[in-house]
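Colleague: Here are the chains, one letter per residue:
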Amino acid sequence: MIEVQNLTKRYGNYLAVDNISFEAQPGEILGLLGPNGAGKTTTMRVLTGFLPPNGGKISIAGFDVMTDSMQVRRQVGYMPERIPIYPDMTVEGYVTFWAKLRGVTRPRKRVAEVLEQVQLYDRRRSLVRNLSKGMRQRLGLAQALVHDPKVVILDEPTIGIDPQQVIEVRESVRQLGQNHTVLFSTHILSEAEQVCDRVIIINKGHIVAQGRPSDLRQQLQPEVSVYVQVGGGSEAEISTLLRQVPGVNGIEAQGAGYSLRAQKGVDIRPHIFDKVTKAGYKLLEMRPVAMTLEDIFLDIVGR
Amino acid sequence: MWIIFRREIGQYFASPVAYLIAFAYLLLTGLVFNNDLTSSLTIRPADPAVVPTFLSFGMVFFAPVLTMRMLAEESREGTLELLLTAPVRDSDIVFGKFLSAWFYYTVLLLLTIVYPILLLSTTPNLPDLGHFIAAYIGIWLYGGATLAVGLMFSSLTENQIVAAFLSTSALLLLYLGNLAGDIVADINLANLIRKLTLGGHFSPSFAYGLVRAEDVAYFAGIIVIMLFISIRVVESRRWR
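Line order of the protein sequences matches chains A and B. Position one of the first sequence corresponds to residue 1 (this note's numbering), numbered consecutively onward. Position one of the second sequence corresponds to residue 1 (this note's numbering), numbered consecutively onward.
Just so you know, these hints were derived from the structure itself, not from any lab. Be aware that a few hints might be false.
[Stated by the list, open to error] FRET-style restraints, in silico, Cβ to Cβ:
no., chain 1, residue 1, chain 2, residue 2, range
1, B, Ala220, A, Asn54, 34 to 44 Å
2, A, Pro52, B, Asn159, 18 to 28 Å
3, B, Ser169, A, Asp18, 36 to 46 Å
4, A, Arg129, B, Val162, 21 to 31 Å
5, A, Ile167, B, Glu158, 31 to 41 Å
6, B, Gly30, A, Gly12, 33 to 43 Å
This structure is a prediction, so every number in the text was calculated from the model and none was measured. We put the CB at the ideal spot given by N, CA and C, even for glycine.
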């Protein structure tokens, strides 16, 4: 549905996006993850037909963004980071304007539907300038969905709204994924993990990793961690003991216990159990610590 | 294009600023007409082109205020970005806005037709209708040209005030250039200057009831050039 090959974009001398390539299948929710300034918004703007790329071949639903820009725009719904508003229009008027502009055939009916979908139907006669931030987000979403596009592109849809609304937006994105291909950008990693089918991690204009969140974790997690809490001995004794567990690369004090790092593929838990119990100590707690996408991200971006 | 046209018209009729402008416009034109009418009782014959002649000066100030927000606001609010991702041509955006401004101006102009009608009712003989018609056609085109200039400056900036300031300055230059033509000694240079100004294509011809092809072409040319520049500026937003 979305095919990006060798996309490059420069602003003057500044290289914002450097030769990136990725794909999105129909119905997939793709997350674009990266720190500020990584190139997320630029990439999205190219995909929506707003910015022409300096290089590369990009097509959406089979239409090339350079040669068939109008068709691409019909297939794409875009919600920019800052929801643009016409303050003096009503909610209904605003969405109807965009509906007509995008070629919706029965605007009234469709507008009512989409307002229901984003739960703004009872505010349809309010002026846009009187809406709260969360409602404006929903208005932005309504505008992006009104022409029922195949691809929906959302730029940081969960920024700046309260936690309850964040949950609602994430849920909406999940639901959207059922009927549309969704591309959204974020720098909140747990969000990408929760909502996306696949994640693309982008930093300084390059793709540094891509894949399913679970795959990424497996692929990129350099070590396995186990958290252990042992009782019945002094700190010195326990830490010395734990260091001797076969397969352990390193040990760190963490909270009330220790975090043991081991090589991938080695399950040190039985070894820990043996060592601790044979020495007569009490094993109070033992649990594996999964490296979150956050850790992976910080690790990769830090490199 | 018409969708944008309709929205802009709605904005004009809903916006307090537009009504203020309309108020000032109608007030001033009314005063001008009244003045002329009273002086026509004793001093001199009524000038059928008095209102248009006033407007040729007035539009230097009205046009920027009517058009200053059109593109500047879109780019400042971020709606221009959204418009540029809609399946609408850049030229449609500019044309839609220009036509809506011109339409609003035409409505205001038609409201002042009441003055010539009043004039007709005061005289026993029919005054020169051709004079009226020519003057109104002239000021209609003139207005279109000034609005196009205003729109062009609005496209260049995100700040409405800057847009208004720049357009007013440009229009003043084009209007006062006429006076420069009076000062300059060399007759050929003076004529050249006059041919470049807005006033130079209105006062000697339309104000006297004369419709000349060269004047129509001048105004049409200004409109075309200004709109062309505006479209290019809007397009250039994609490259920034």
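Colleague: Look at the Cβ atoms of A:Pro52 and B:Asn159 and judge whether their distance stays inside 18 to 28 Å.
Modeller: Given a distance of about 27 Å, which is inside 18 to 28 Å, the answer is holds.
Colleague: Do the Cβ positions of B:Ala220 and A:Asn54 conform to the proposed distance bound of 34 to 44 Å?
Modeller: holds (38 Å)
Colleague: Is the hinted range of 36 to 46 Å satisfied by the C-beta distance from B:Ser169 to A:Asp18?
Modeller: holds (43 Å)
Colleague: For the hint 21 to 31 Å, verify it against the beta carbon of A:Arg129 and that of B:Val162.
Modeller: Given range 21 to 31 Å: holds, Cβ gap about 23 Å.
Colleague: Given the range 31 to 41 Å, decide if the beta-carbon distance of A:Ile167 to B:Glu158 lies inside it.
Modeller: holds (35 Å)
Colleague: Determine whether the Cβ-Cβ distance between B:Gly30 and A:Gly12 falls within the hinted range of 33 to 43 Å.
Modeller: Violated, since B:Gly30 and A:Gly12 (Cβ atoms, about 53 Å apart) do not stay within the stated range.
Checked against the numbered hints above, the structure breaks only hint 6 and satisfies the rest.
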